[in-house]
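Asks: Just so you know, the protein sequences line up as chains A and B, in that order. Mapping of the first sequence onto our numbering: position 421 corresponds to residue 421, and the numbering continues sequentially without gaps. Mapping of the second sequence onto our numbering: position 243 corresponds to residue 243, and the numbering continues sequentially without gaps.
Hint data in this document are derived by calculation from the structure and do not stem from the laboratory. Incorrect hints may appear among the rest.
[Unchecked claim] Every beta carbon over 10 Å from chain B, so not counted as near; a handful from chain A, in silico:
no.	residue
1	ARG371
2	ARG434
3	SER481
[To be verified] Across the chosen pairs, the derived CB separations fall in these ranges:
no.	chain 1	residue 1	chain 2	residue 2	range
4	A	GLY9	B	ILE563	28 to 36 Å
5	B	GLY21	A	SER54	53 to 61 Å
6	B	GLU77	A	LEU475	48 to 56 Å
7	A	LEU475	B	GLY437	31 to 39 Å
8	A	LYS301	B	GLY437	46 to 54 Å
9	B	THR595	A	VAL416	52 to 60 Å
10	A	GLY51	B	VAL598	53 to 61 Å
11	A	ALA65	B	VAL598	44 to 52 Å
12	B	PRO245	A	LEU475	33 to 41 Å
[As the list claims (entries may be wrong)] Heads up, simulated DSSO-like pairs for lysine-lysine below, C-alpha to C-alpha not over 27 Å straight-line:
no.	chain 1	residue 1	chain 2	residue 2
13	A	LYS453	B	LYS597
14	B	LYS565	A	LYS438
15	A	LYS159	B	LYS597
16	A	LYS453	A	LYS301
17	A	LYS438	B	LYS23
18	B	LYS23	A	LYS301
Glycine included, every Cβ here is placed at the ideal spot set by N, Cα and C.
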Amino acid sequence: MNFLSLFVGIPVVMMLGLLLAGNLKQIRAVMVAGATALLALAVMLTIMYLGERSAGNTAQMLFRADVLWFAPFNIHYAVGVDGISVVMLLLSAVIVFTGTFASWRMAMQQREYFMWFCLLATGVFGFFISIDLFTMFMFYEIALIPMYLLIGVWGSGRKEYAAMKLTLMLMGGSAFLLVGILGIYFHSAPAGGTYTMNLLEIAQYRIPMEAQRLFFPLTFIGFGVLGALFPFHTWSPDGHASAPTAVSMLHAGVLMKLGGYGCFRVAIYLMPEAAKELSWIFILLTGISVVYGAYSAIVQKDLKYINAYSSVSHCGLVLFAILMLNQTAMTGAVLQMLSHGLMTALFFALIGMIYSRTHTRLITEMGGLMRVIPFLGVGYVIAGLASLGLPGLSGFVAEMTVFVGAFEQADTFHRVMTILAATSIVITAVYILRVIGKLLYGSVVNPAHQQLKDATWDERLAVIGLMLAVAAVGLAPLWISDMISDSMVTVVEQLAK
Amino acid sequence: MESAVLIFVLPMLMFMLLGIGGKYMTHRTAGRLGTLGLTVITVLAYVTAYRYFGAGRSGGVWLPQTVFHLEWLRFTENLQIELGILLDPISVMMLVVITTVSLMVHIYSLGYMKGERGFQRYYAFLSLFTFSMLGLVVATNIFQMYIFWELVGVSSYLLIGFYYTKPAAIAASKKAFIVTRFADLGFLIGILLLSFYTQTFNFTELMSGNVCASASGATFLGGSVIAWALGLIFVGGAGKSAMFPLHIWLPDAMEGPTPVSALIHAATMVVAGVYLVARLFPLYIEAAPELLVGIAIVGAFTSLYAAVVACVQTDIKRVLAFSTISQIGFMMVALGVSGMGGHAGLGYVAGMFHLFTHAMFKALLFLCAGAIIHTIGSNEMSAMGGLRKYMPVTHITFLVACLAISGIPPFSGFFSKDEILTAAFLFSPWMGVLMSGIAGLTAFYMFRLYYNIFWGAEAKREHTPHEAPVSMTAPLLFLAFVTCFAGFIPFGNFVSSDGVEYTIHLDGKVALSSVGLACVAIGIAFRFYRQASVLPAKMATAFGGFYRAALHRFYIDNLYLFITKRIIFAGISQGIAWFDRHVIDGAMNLTATVTQKVAYCIRGLQSGQIQQYAFVFLIGTLLIVVWMVFL
């Protein structure tokens, strides 16, 4: 076993620890220890990864391990990371860490809550380290199931409906995905050869074009549902609105990234010819997502709905960028995943904190909160500025990379779609400033809000952690962008073959 | 030139320090710290300017120098964003302008903002703005400029909305940000287009002359793509510089604290668009000379429009805001009518010179207005009148600025405006006549303002107005001093279109006619507003419809409101939101409902009753038998 498996191991150990924990204090201790260990592990992995690369290790995937798991179908537990997965692991670790503190004051059944939380983390981390399709799919499912209970039990509002809707839609997506993966598996070697689930091995062999045409859309839609691909995005507003704070953070921050990551790691990387041929359909759909989400967000009244639609728009840009099929745009897509993950987690964290004070999420019922809870207010403004792409924060870096990359496609169709997608930066400004104006500025609407208390230490920790991450990516993006871009070369070569 | 790097870094540090540590400081400490920081930055800027110009020309021209650069983000092999410092005549001039005005505003605000809630935040934002603006002017590449362009936008947003409990301020800040963001979309697409065809962001490489050759083949709708790109970039500049029809945010931006209006919305940020055109000027000349004509026309129209509107506004800050728009129009015209090199390049020199002098006297006007508002507590002219007795320093300095903007010698505005007029006549007599007329209007509305504030009938007041404290009058005196003498700077020696020394000569005919016109305009204003008079009211009735239209800024704002509220919000957004909830989500729910209904219907088949199963089995068997036997 190599140390990458620790990413899966630690959450499992955390679950055991939670089982043994006697009281809330011990539960918290287990969570903090585990989340810190994961964060430390992710940071260590990043350093080791950069070290290996600068030492001249040019292997596509580093720190690989491979254990035969089920011989009849040639299924392996195979792990390995490249720059892209490292970034995703780092993102997940940051969100799990801050999410722990955002759930600090969870009122009921903390043990069970945190256990599902850890299971979710297991799935997410496992997904990002896997290079075997089957393992990947398994972890994907592991990440989805806890969502149902986390929303259904600990959620608010129409939680049963939302949990059911979310789970069914995502499960529908994974049905597509399963067919897609099986399709890939049965075309992963010439007739009579040994079929394989290993991504790298499949990539060596060209899947026949007829099969690609069939299975590319299935895989792309399968993952796309999780990436809020229009018109399969409606689970997102309801799901986010009902989910408890940390679950929203984890879901929008990390889980939705599984979609984008899967789209290019599986769909594009393994089936490049079909990607080139069929990309226009999905460019249309994602282009719609980007603008459509942004326009929908303008008129929403519930903070979580605004953010959910904003996520549809931003995640649409991720898929949009992936479909541009060149190095710069795809690097931008990963940057956008990172950036969106961080800032949307920050948003959901803040919304949860505001909700726990005001017991409403309707912007019409709040106002003037900046004066009452300045820390949360400033945090919200910073998250908003990151979301509308202010230079110096993460959103700008990602969006600009995407647009510069998208402009490399010089034909009219791509140009028009890119400009259309770029208009979202104006619409984003509209809805973000609208919320800030209504929620934070002006005078206090509800007299009861005069007595609100500003953030507690655990909330501050979560917010500051995420703000620092957003600022770090925005201020010094070069190393991250290089790390992603270098790893993107293999995907681009695959496309160029 | 390490000092230049400090200019870049120090304001950022000040911002961090005041932003994070501000709440642990007293107002006094924060204000002094901010002002001290800016004093150091100003000194450094002067040192940089002294060294740059002191080093002299090489080969007869001022060479641009990149004194610092750092790779910030790499998109492709060729396209990368660098953060750097480019020193050339215009960027050095801007360094001086920005730091000077900013320092004056810092000192002034010590008095003006005294006791305001959020004093530390105010100084933090001022530092952020100064940082962004300095980063903008020293940009080595167009993407760096875009980065800081956005940052000045957000600083402006934060400062306009400084009084964030005031609904008007919130609305104004939002409007300013969104309108300029919309324009920046054009800027961004322009940059993307330009960089795609030229494969560089770097100004020096863009100017090197082979850019157009590399993209000569590509055309779009009959124009070369480079021309399209430059046109889109100008849209960005027009947004920031409040050119018609993107000017609507600037008058509303007056909701911010008055020193902020002086710094951002009069002297520095709003001229960023002019600076942008000046920065890319060789490219415009080379790739799209016809676009320059367009810029001149936009500038002239804006200038006329704003001057007319300024004549009827009653809020002194709004008059000044429209005056700013009008004066920026002058600068745009100057650049638009300019050619390259020598006398043909007069417009360029004039535009930059006017930018410089205007920054000083317009900041002065705003700071004077601030002193007045500070003591009167209202922006309306009707609440003023007869203030000269109470506020002698403000009165004199305001008068100096009015004379300067009206183009009366020997004040600085005379020299710069006169050159613009000369350049305009050089371009076309029509343009010259039009701009002279607007200059006359300028003199009229400025003296309308002057007489209404300082002369005329005294409004009833609860307490007697008083002169502002020294912290506020000292900057006024300094800026008035600069306004008196800046006209004598041999500006062409430092800044010219091709970097070669250019000596400015006054054109006697133009000078005489424009001064004459200004005097006539001042005379009319004197007759109308020196003492309470019925003439203005008569004029207003005589021009009824036109007067009302001008008062409502020709309904441009209403048009925008209609488009945003009725069409975009109520139409498109509501429509999409409805579609999403009812059609898309409805389809999902329908699928679920149908599945459920069907399940209810067929669940009877799985009843678990043996008799029923046996019955169905029997019937089925019979049917099969029948089928096999008879068919």
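Asks: A separate judgement is required for each hint: does it hold in the structure or not?
Replies: Now for the hints, and whether the structure bears them out:
1. ARG371: 7 Å, violated
2. ARG434: Non-interface label fails for A:ARG434: nearest chain B Cβ at 7 Å, not farther than 10 Å.
3. SER481: Given a closest Cβ separation of 6 Å, the condition is violated.
4. A:GLY9 to B:ILE563: 28 to 36 Å: With Cβ atoms ~57 Å apart, the hint is violated.
5. B:GLY21 to A:SER54: 53 to 61 Å: Given about 37 Å between the Cβ atoms, the range is violated.
6. B:GLU77 to A:LEU475: 48 to 56 Å: For A:LEU475 against B:GLU77, whose Cβ atoms are near 23 Å apart, the range 48 to 56 Å is violated.
7. A:LEU475 to B:GLY437: 31 to 39 Å: 50 Å, violated
8. A:LYS301 to B:GLY437: 46 to 54 Å: This hint holds: roughly 51 Å between Cβ atoms.
9. B:THR595 to A:VAL416: 52 to 60 Å: 39 Å, violated
10. A:GLY51 to B:VAL598: 53 to 61 Å: Given about 59 Å between the Cβ atoms, the range holds.
11. A:ALA65 to B:VAL598: 44 to 52 Å: 47 Å, holds
12. B:PRO245 to A:LEU475: 33 to 41 Å: 36 Å, holds
13. A:LYS453 to B:LYS597: 49 Å, violated
14. B:LYS565 to A:LYS438: It holds: about 16 Å lies between the C-alpha atoms, which stays within 27 Å.
15. A:LYS159 to B:LYS597: 22 Å, holds
16. A:LYS453 to A:LYS301: 24 Å, holds
17. A:LYS438 to B:LYS23: 25 Å, holds
18. B:LYS23 to A:LYS301: 33 Å, violated
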